[in-house]
Structure formats: C-alpha cells, structure tokens
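Visitor: Listed below are the residues making up each chain.
6 protein chains.
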Amino acid sequence: MKNYIGLPESVSKIISHFFAACFPLHFGQYNRFIDEERKREVETTKVMEALADAAAYFLDDENQIKELITEVRKRLPDIRKVIDTDIQAAYEGDPAAKSTDEIILSYPGFRAISVHRLAHELYLLKLPVVPRMLSEEMHSVTGIDIHPGATIGNYFFIDHGTGVVIGETTTIGEHVKLYQHVTLGAKSFEANEDGTLVKGLKRHPDIGDRVVIYAGATILGGNTRIGDGAVIGGNTWITSSVDPGETVTIRIYDHNKGVREEDV
Amino acid sequence: MKNYIGLPESVSKIISHFFAACFPLHFGQYNRFIDEERKREVETTKVMEALADAAAYFLDDENQIKELITEVRKRLPDIRKVIDTDIQAAYEGDPAAKSTDEIILSYPGFRAISVHRLAHELYLLKLPVVPRMLSEEMHSVTGIDIHPGATIGNYFFIDHGTGVVIGETTTIGEHVKLYQHVTLGAKSFEANEDGTLVKGLKRHPDIGDRVVIYAGATILGGNTRIGDGAVIGGNTWITSSVDPGETVTIRIYDHNKGVREEDV
Amino acid sequence: MKNYIGLPESVSKIISHFFAACFPLHFGQYNRFIDEERKREVETTKVMEALADAAAYFLDDENQIKELITEVRKRLPDIRKVIDTDIQAAYEGDPAAKSTDEIILSYPGFRAISVHRLAHELYLLKLPVVPRMLSEEMHSVTGIDIHPGATIGNYFFIDHGTGVVIGETTTIGEHVKLYQHVTLGAKSFEANEDGTLVKGLKRHPDIGDRVVIYAGATILGGNTRIGDGAVIGGNTWITSSVDPGETVTIRIYDHNKGVREEDV
Amino acid sequence: MKNYIGLPESVSKIISHFFAACFPLHFGQYNRFIDEERKREVETTKVMEALADAAAYFLDDENQIKELITEVRKRLPDIRKVIDTDIQAAYEGDPAAKSTDEIILSYPGFRAISVHRLAHELYLLKLPVVPRMLSEEMHSVTGIDIHPGATIGNYFFIDHGTGVVIGETTTIGEHVKLYQHVTLGAKSFEANEDGTLVKGLKRHPDIGDRVVIYAGATILGGNTRIGDGAVIGGNTWITSSVDPGETVTIRIYDHNKGVREEDV
Amino acid sequence: MKNYIGLPESVSKIISHFFAACFPLHFGQYNRFIDEERKREVETTKVMEALADAAAYFLDDENQIKELITEVRKRLPDIRKVIDTDIQAAYEGDPAAKSTDEIILSYPGFRAISVHRLAHELYLLKLPVVPRMLSEEMHSVTGIDIHPGATIGNYFFIDHGTGVVIGETTTIGEHVKLYQHVTLGAKSFEANEDGTLVKGLKRHPDIGDRVVIYAGATILGGNTRIGDGAVIGGNTWITSSVDPGETVTIRIYDHNKGVREEDV
Amino acid sequence: MKNYIGLPESVSKIISHFFAACFPLHFGQYNRFIDEERKREVETTKVMEALADAAAYFLDDENQIKELITEVRKRLPDIRKVIDTDIQAAYEGDPAAKSTDEIILSYPGFRAISVHRLAHELYLLKLPVVPRMLSEEMHSVTGIDIHPGATIGNYFFIDHGTGVVIGETTTIGEHVKLYQHVTLGAKSFEANEDGTLVKGLKRHPDIGDRVVIYAGATILGGNTRIGDGAVIGGNTWITSSVDPGETVTIRIYDHNKGVREEDV
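Going down the list, the sequences are from chains A, B, C, D, E and F.
The opening position of the first sequence corresponds to residue 1 in the working numbering, with each subsequent residue numbered one higher.
The opening position of the second sequence corresponds to residue 1 in the working numbering, with each subsequent residue numbered one higher.
The opening position of the third sequence corresponds to residue 1 in the working numbering, with each subsequent residue numbered one higher.
The opening position of the fourth sequence corresponds to residue 1 in the working numbering, with each subsequent residue numbered one higher.
The opening position of the fifth sequence corresponds to residue 1 in the working numbering, with each subsequent residue numbered one higher.
The opening position of the sixth sequence corresponds to residue 1 in the working numbering, with each subsequent residue numbered one higher.
Hint data in this document are derived by calculation from the structure and do not stem from the laboratory.
Predicted, not measured: the structure shown is a model, and the values here were computed from it.
Among these hints, one or two may not hold up.
Identical copies look the same in the list; a pair holds intra-copy or inter-copy alike.
[Said to hold, decoys possible] Simulated pairs of lysine to any residue, SDA-like, Cα-Cα distance not exceeding 25 angstroms:
#: 1; residue 1: Lys98; residue 2: Ser12
#: 2; residue 1: Lys2; residue 2: Val212
#: 3; residue 1: Lys2; residue 2: Glu92
#: 4; residue 1: Lys126; residue 2: Glu137
#: 5; residue 1: Lys66; residue 2: Leu124
#: 6; residue 1: Lys187; residue 2: Lys199
Excised from the complex, chain A in its bound form (with noise of 0.2 angstroms):
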C-alpha cells in the first residue's frame, strides 16, 4: 500500500519557499549582503525541491517529474505579476489599508490567492492532491477555501475571508471583491441515476467582472452567471442567474415595526 509519510511537510515548504521567492524582503531568511536576485534564485529553487518531493508521491516517471517542475519554473514570473494585481486591488478596495506592506505582511486574503495562483497550474498541469494540499494548508491558515480548479481572473480581493468556499469548476472575472463567508458553491442534485453524484460535471457558478459579493452570500450552481457589475447582498441564497448590474439582498422584519428598508 502506497506510503504518503513526509508528504504533509514537503507541501508546507512548497508554500514557505514560494512566499519567500515572491518576496524575499517579506519573508525567509535573507540578508542584505546577498544581492536580490541571487536571493529569489535560491528560494525558487527550493520550492522546485519541496515540489518535486511532494511531486514523487504520485507520479512514478522521473521525466514526468522534471518536465513539471521545470514547466512550473517558467511559469512562475508570470504567477508573481499576476499577484501584483492581487495586492493592488486589496489596497484600492480596502480603506483600512495603509500601505502595500501592510497587505504582504497581514492579509489572509492575499495569502489566500497567492498560493491559489501557483496551485491552479498544477492543478492544470494535471499533479495529483498536490494542489488541493496546497489550499487545504491556507484554508487551515486563514478560513479561506478555494479550490485549485477554480479560474480567477486577475486583481481579485477577498477581504477578511473567513468561511469563503469557491468551487473546483467556478469561473471569475476581473477586479471581483469578496467579503467574508461567500460561497460559490454546487447545487445538491447532479447525480448520476444509480444515485451516485456525478464528478467531473460544470458545477460552479461563472461570476462576470466588477462584481462585489457580501458577507455570507451563497451562489450556488453550474448553470448560474453572475452578470457584470452585478452587486449581491450579504447572506443571500442565489441558485439561479442574475443579470448584469443588477442587486440583490435579502429582507428583514422588525418583530415590532415589520419589513425594514436595507441597502447595500
């Protein structure tokens, strides 16, 4: 029976070494004696070691195993701009945020994307539980659950993030903002007639550009599209299409004053 002992810790250095590769002044153990580049040189190639260790458990061919990791080293300055995006878009959509420092040095949702950004091109490069690993250990780290199949397009920002759960077949736009508790979910009944569920099946909602989610607002379906611009209200149940530009919220009663108004 196949042994997976030392499969956890290499997957935590993956992690490690990519955030110091990423940001060398931020994160590991550097000093400023050794020149930046030489720096980002060392962290990559650790990242390649604990990947290609994690990488062995479930791919048998030793080729396989350097064409991976040799096609996730040319990937990887393309990964890091695309975070650039990312943490520009957590500075212009958070007021709170004082400096892009500030962003690197404490916000989940930064956290979160950024290894979502490396994970899903494993995930299309078609690495076995790496990936899901992957965001297992930052869903551990910040209540942020994104599946590596999920596609997001650049400048996203999930702010506090906490309970967020996007879905392995979802698709995002551009410059999307998520709060807290949102869920991009499935809908319960894609099952095969045996009963069984079906995998493999579109399952997650398409999500267009522009658009903000609140608090605790569960989307649910392979079938439902967010349209552009669209804004959802916190705590809303959507299991079926909303077209562009629209709101929606939900209602709630004053047990003495009855419907009350809310905005978003």
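Position chains B, C, D, E and F relative to chain A; hints supplied.
Guide: Then chains B, C, D, E and F, alone, in the frame of chain A:
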C-alpha cells in the same frame, strides 16, 4: 493554585499520535521495514501516554487515570471503524473527491470528525476539559467547532466546514451532510429565574437521518427537531422543528424585479 | 527597500509571552519554586523585548521605541483587568462553560479578545502595521477578525467565533455578546469623487450595551447604530439603525407550508 | 551517484532510542501510567525503524534489511545484560561514583561502551559504515573513539575517557579498566610492497583480563599482548608485549635533583 | 523506581541561562531597548527555574529546594566576579587572545571553568548528581572534565583543554595555568581491605600558586603536592610531591644520536 | 557596548552550509530532481549569507563585508580542491577506511581540516574572531583544535584526533600525518620585559613534508623544526629541532626487567 503548564502540548500530542495510530501510512514517521500492526501499537501507546499526561492535570487518583487509558485503548478499534464510515460518506458526498487518500490528506471535515470521535468517548468517560481542548485545537485548524458532547451517527460528512458549530447536546442521525457555516446551536432564553444561565439542559437540536443542511443555515433550540430526509436551505434561521422530508429556504429580492425563485 | 525579515517571528513572540505574562499558571514554562510575581515580571520583559524588536521595523527613532515600550508596560495591568471582565462574561454567557480554567485553556473568543486588548493600545499609540499583524495572527488561529482600531467595552464575549469580523471604526458597548460569522462592517459607497475609496472615515457601526447578535448577522455602515438591549437575529442583513430593545430577524419559508414562525 | 541525505539523522535516532529502550526511566519521553515493558517495546521498535532507515542506504535487498533488524532485535536483550556488567564495573572502579543512577546519567565511559555494544553487533552482521557512524557520534559526544570492530569483554570501564582510542582489531579481556588518552592502536609499518597500506590485517593489541591502563598510555601493534593483571603506567609507549602481572612506567627527571621515583 | 525523564533537559537549561545571565550581550536573546539589569534578572530567574526543576528529582522537600535556589541566587554575584578573574588570566596567559570578547565567544577553557564555578557551589550545597551532570555536559562540549568537588583558586586558565581531567578532591591555588590532556587524578591503591574501593578519601593532588602544567602531564595521588611556582613538563608522570620552584620533565631519545636536551 | 547576540548561530550556519556546498549528496536537504550544480549554488549562497551576518558584528563598513564575501566565494573552488587531497590522504593513510564515503560521513579529522581550510582563508582576509569561532566549533565536535592561523599543506591527515592542538603560527608541509593528542604548541618563555606575554611572534613549530607524529607527542617552540620524513614517537616532548629522517621516542621501564626496547 493549579498549574496547567505543559497541558496544551500533551493535548497536541494526543491528536498527532491518534492520526498516526489510525493512518500509519499517511501520518507519522514510519518505514516499510516495520510491519503495520507494530506501527499501530507504537502510536497507540503514545496516544495513551499523552492522554495520561493530560488527564493527570484533572484526575488526582492514579487508578482513575489507569482505568481511563485502559478503557480508551479498548474502544479505539471501534472508533477507527466509525471513522471509516465518515471517509466513505465524504467520498460519496463530494464530486470533487478523486480518492480516499485525497480525503485523508486534505479534507478538514474528515480531520474534525475523526478527532471528535475520540473526544466524544473521553467526554462520555467524564474526563474534564481535555475533550474540549481537543475539539478546540481542531476548531483552530479547520474552523469546525464540534462540542465533544455532541452525539453524531455514522457516515457523517462536513464539506468545507469553516464556521460550522455543533453544540453540546446536539444529536445527529446517520448519513447527514453539512456544509460550511452551519450552526446547530442554543436559543437564548434558557436562563434561571435569577438571570444566570441554566447549565446542563438539553439546549441544541436533534437532526434526523439523511438530512442535508446547506451553507450558513442556523438551527437553534433543544426542542427543535429536523425530520429524516429534510433539506435545509442556505442562510436560513430555524428555531422550531421541520417535518421529515420538508425543504425550507429564505427568499431573495431583486431590487428591480422583486422576489426571485431559488431552489436548493 | 525596506526589509521585514524576522518581523513575523517577533509578532508571534509578543503573543505567546503576553499570554504567559497574563496567565503564568496556564501558559509558559514556569515552575512552582519561582514566585508568581517574578514570573509575571520575566514574561512581561519578554513581551517588551519582542515588541521593541517589532517596532524597530517601523520606528526609526530609538527614543520613540523606548517611550512606546515604557508606555505599554505601564498600561499592561489595566489591560489585564479588562480581560478579567471578558472571562467573567464568557463564564456567565455560555452554559457549556464549566470553569474559568476551561475558558482560558480552550475558548477562541477569549484568546482573540485578549490579544485585541493589547493590539488596540498599540493602535492608539500609533504603532504601524504591528497591531494589525497581531490581530491577523489571532484571526488565523481563531477565525475571529477584530481590527485593532475597534473600540470595545468591558464584559465582551464572542461564542465560537469563526468568521466574526469587526471593522476598524466599530464601537461596542458593555456586556455585548456575539456569535460566530457576525460581521460589523462597512457599506460599499464610501468613495471619493474620483472613484477611489475614502480612507479614514467612520465606516463601521456602533453597538450599544447589552446587545446580542446571533450567528451570521451582518451589520454595516458608519451611521448604523444598534440600540441598547437590541437582539439581532441570525443571518440578518442590517444597513440602518435598530432602536433600543428591538428584535430583528429574517423570515423562513417551508416550500409546502409557506412562511414559518421563528423566534430568537 | 549515491545520496546519503538523511543518513546522519537516522544514525542519531538509533542512539537516542537505544538509550531509551535500555533505560526507559532515565531517557526518553515516558510517563508512569504506561507499564515499563510496553515502553521498552515502543522504543525498541523505534530503534529498529531508524536502523532500517540507515541500513537502506547501503543494502539494496529489502530482505537483507528485514533479516538484519530481526536479528538485532533478537540480540538486544543480551546486549542489555552486558551493559549491566559495565555499569557494575564503573560503580566498583570509581570511588567518586555515588550511585548507578549517577553513572547512567553522567558517565561518558558508560555512554561510549553502551553504544559500542550495539555497534559491534552491527559490525559482526557486516552492515557497512553505519556502525562506524554510531561510534563516531559517541566519539564526538564523549571524546572516546572505539572502533566498532573491537572485541571487548564484560565488566569494561573507561574513566573520564577523553582521547581514548581503541582500534578495529583490538581484543580486550574481562574486568579491564582504562583511563583517559589511552591508545590501543596500530604500528606504522604494516604496508604492502607497493607502499600502500594493507587493509584487513590484525593491527591492534590484545589486552588480557584485569589489566589497568593509566592515562596517556599508548599501546601499539597486532602482536603486542598485555598479559593478565599487568599495570601500564601513564604516558607510556608500548610496542611489544608485556608479561602477565608486570608493571611498566616512564621515568621522570627533576632538573635539579635527577631521576625521580614514581610508582603507579 | 525513580524516574529521571526530563532531567537532562533541565540541566542543559541551567547552563544556557547561566551564560546568558553572566554575559547578556554575548549569549541569549535580548535587544538594546531593554536595560541590562532587567536582562540579567530575567535570565537569572530562568537559571533558578531550571535549577529547581533539576533539584526536584533528588530533593523531596519543597522547602529544601526553595532554600537551595535562594542561596544560589545570593551567591551568583560572587561567582560572576571569580569568572572575571579567569577571563583576565586567559587574556594574559594566551598570546593568541586578541580581546576578552574572543575569549568569551570562543575559548573552551573559559566555558568549562565558568560552569565549574557554579557546579562547585551546588556541590558544596550537597545537591546530588546535578553538579556532576553540569560538569559532564561541559566535558562533552569542551573535552575538559572538572569534577564539581574540585577546589580551584582565582585566575585559573586552561588552554585548549581537550583531555584535561581534574579529580574530586583536587585543590588548586591562584594563577595556575594548565594545558590540554593534563590529569590531576587518583592513584590506584586506595582500596578497602575487602578489595572494594574506599569512597570519600582525599585522593587527588594539591597544586600550589603560579604553577604551570604542560600538555599531557599526569599528576596523581592525595598526598602529592606541587609546590608554588613549579613547572611540570609535558607528558610527565608524577605520583609524589614536587618542591616549590622545581621543573620536571621526561627525557627523549634520538634513535641515532641518543638523549636529547629539551627544556620547557 | 557591543552586542553579539545571534553570532554563534551564524557561525554554526556557515559550517553546516559549507559542508552541504562541498558535499551536496552527503549533507543538506536536497533531492534528486534538482541538478547538482544548482544545489551547490544554493548552498554556497547560504554560506555567504551566514558569513555576511557573522562579519557584520565586526566590520562596520558594508562595502568591506561585500568585498569579503565576494573574495571568499571566489576562493571556494580552490578550497574544495585541497579538501579532496585531504580525503585522499585519509583513505591512503588509514587501513580501516573502506571507502571515501565512510571518511566523509564519519571521520572527525576530515571534518576538522575541511573547516580549517575555510577558516584559514578568513584569517588571511583578516576577519576578526569568526575564524576562531569556526575552529572552536569544530574543536567541540571533534576534539581537534586547529588555530585558523596555522598554515597546512595538502594531503593532511589527522587520525582519531581527539586532543590534537595546532597553534597559530605553525607551518606544516605536505603529506603529513598526525595521531590523537599531538600538540604543536608554544614554549613558555616568549614574554615582554614587563612580564606580559608578547603577542604576534612566531611561537609554534615548523613541520616538514612526509612527517609522521604519533599519539601524545608534544612539539613546542617557534624555532623548532621537524625535518622532512622524520618520525616522532608517541608521548614525546620536543622543544628543539629534529633532523630530517630522524626517529625520536621515549624510553619505557619494566619495574622488574628494566629498560624495554620499543620501536615505532
């Protein structure tokens, strides 16, 4: 005054050795030249050591501690069997799950319910505080907060799980599935005449067999019973019973088009 | 460019020594032969060392750092007293709590509010970024995200707590109780004319004394005031004020039987 | 090319678990609620795991590794018995020793000979390099360098021990006592005709029963035999045999008074 | 049976905190914003904690332990002053020493005698085993084996030091200098009539003031006194007294030219 | 006053990364999917980082530090080549050595001389204290004390090595072999007129090519030269020169039979 230095470390060791004892090929520090039964035995002994250390902070009588660990050791095989039903439920209940290994290695719901299976036995054996510390450590890691007093049937699956709260006197049937942010909690008014809260009452709901509860649902109260096969929609607020087979949801309003029709 | 290597470690040390300084018999590495006052003194000094280390990343003037730690050391006894009121509130507010030791050892709400009490003082003393890193570390551990700017009265209790978000300009009265997933956040439209967000405004609600807010409630906006003694039901969405003593909830629909009557 | 990464760590683990298996009440991480036999069993299994890990760097055939650890496990009780004779010899041979616990906890000679007892069995079982790494780790800790090939009788005691060297083909009788800096080594001239050194010859001395060798004595050569009961004075240089019962010393000169009379 | 688990760790902590308490700017984990006296105080408290932990393995009466650590704390300033004389002796006695910092940071003789200064006080206070474990830990690190019972005057310097052995009942005057491999040991014949060794006798030599003892010298016996100002040449073997001011050496032979003239 | 906190850790890192840079397949944390040159590069960079950290305690000018590490990086390949000659000497000089891997993994002499090769270059570049701390760390691990100032030729081998001392101004030729406890030291009388010791003089001996020095030999003085091919017997005391090709020994006495004939 009592001194609890070292207790948190003992509690952490209970958890790590418990996982290694249950899944020696996924967790721990073993190698293939030691046969699997010997491995389980070693890790089980380490669970017992850590448990005895932790118990010694609360039980003054050494014989009581010895009886406790003897009894827990006896129950471990059954605990292990129930956990297998939970793994099966996760595999059948999540279309994204590609293998049981993936579940064991990366599903927070699996981790939380596994430790609950142990913590609940310790709760039944009336060990103070330690069961709660076990559940709180898993709460910190997974965002899932199951009080060790909760009685939960076989084949239980929590998907994603962040923000799930299951109260002390909750009972849950078999084949139940919960999503993130689900609360099975207490209503407010269970108080003494002098205004202090009553402790020890039945305060949390009963959930029947084959119930599905979607993200964000809040179900409260010791007299609240969710009947077999009921479906509770996301972001609902339930303080009285739901009949078997029923489906309950909230309503959503489009600011331009009025009430929307959402299913589950 | 500035270098933040080592800063996260210093922030972690502030937290661990702060708990040991406040509760030397529950945390830390002490023994019974050293008297308790000496213990507090040692751990307090270690808090100050770690704080000075962290502050040095942001304050260039050594005298400023010395003044900061002198001032914080002076405020620590008062911080400690307020935390005692929070412990008392937890004990009185949770029927499941069997002892204050159990709260100190296993309640995430206690841990989050304790660190907030320190972080808020650092925020008032205008130390950049560090207060936010303190609160984010507790967010990662507990799922509770309290901005260090929030002003919170004595006897504050958060039960379970995963997903709680409390924004920077929130004010909260005394004897307030929150459940998991409660958001005290900002509405969207506080923006400059050029479309960029206004920073520094009052953006988050005011919560009166003796308010109870149930799981999943979302309360937004700088002009939103929840009056003394009000009860906010679970999964609500509040963007305007609620009068003192009022109770507000959402409504739930049974797909066969229509609107259900739920209380709080 | 072969890769030895991780080998030193495995060798260290063999040693620490070996001590814990032999002396579970002095070393290791146990508690009183686990019975002593179970403790020994756990630590013994861990010795075997570490040994299997280390052996796998040198033995390609898995069956060979399994046979090795099975055989070593079988021999462990006898190794343990011989170590008891060494402890007894230390207690009887050192007036400063107040208890056997003191010897187990603080005598370097005890530590070095104990590991040698294990390393020598591994040497006899022809495991490459690992026995030598075991002895070198003890050399680093104690300053005592015993080649795993050396054959050493029961009741062996090295006092202080720093600088002791015992060569590969040395044989030592029973009840022998050595002080620090004693060398039992090879003479220089054992070389091949082409000038390269001959490997595998008998190169080191034979020491009889009840011999005492004082600090700094150097005894060299494969044909050198120290007879039963002989006493070798400090700082001597011996390259030919010494008869049973003899006493040999160096002479010392006072620069003003000439040859001094020194005894042993 | 008694259980010593954890004792070696406590002994190690005594040493590391002792160095930090004596030299807070060279060892430990401090920073410039904490004043030096507070630093010493914190580290001193930690020495006392570790000492109390270690003592509790051997002293059953808690009051005894409290008295012990109170007394040791009182003696620490004097211990510190004697260590300063040792540092001065090293600086004056070694032409290679460029600064006292270099001595503190890198001289094994300094490290061994410093811990001996503490261990000797514990020996005088009759704490069992712990003083010996302290000296053995330094023996392992430096190769210098000083029994905690040895009485050593101020301004003591051991150069290089590997292999130095100083026995329990040795007395050493002021301004004495030793090189590596020097043994101040016991002669063999101090035994009882029944053949067992006598414990508790004066067994080791007395060394006067301003004596220099070169590498490899072995001086044995309780009646052996080395007079003030004597010089003991390298590799000598001394079992009877040497008069004040004398110089003793061995003779060396050139195989072709006969006896060589060597001075010291 | 200067603060050296953290310096010992940096010195330890220099050593561990230096070994990994020289022997990436024996030490360090690499895997087979990263090509060997990249591995060396990463570890070499880490040596430079640790070296820059350590140097910053003594060099105030940042440019000096940069020049230092640039220069050391340049010299590393040559250092590596000399170490290869030392490994070859060990293999040829020790009949017990079965492979060069065994030497790299378990020979203390190899470890000590390797670090000396680096420390000596740092000494030549006039970096204060750090070279001495490097050599002292190896002294602690191996018992071999080589001052970084010593000039040592290629193909150098120290067998066993405990207690070897090689002084600052020693020079050693090629193909020299030393056993344990050999001292190449200073005589006593190099002092100033005011009684203080002269610093900076040539104080230690010169050893020619192909010299063999047996265990316990002590050779002292700056004018002492051991000629090419000489053999120095064990436990000798040499304070004046030995001609090329000569053999010198001590004489040994049998208490009954008189002077013994010993060869080398």
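Visitor: Please name the hints from earlier in the document that this structure breaks, with their numbers sorted from lowest to highest.
Guide: 2
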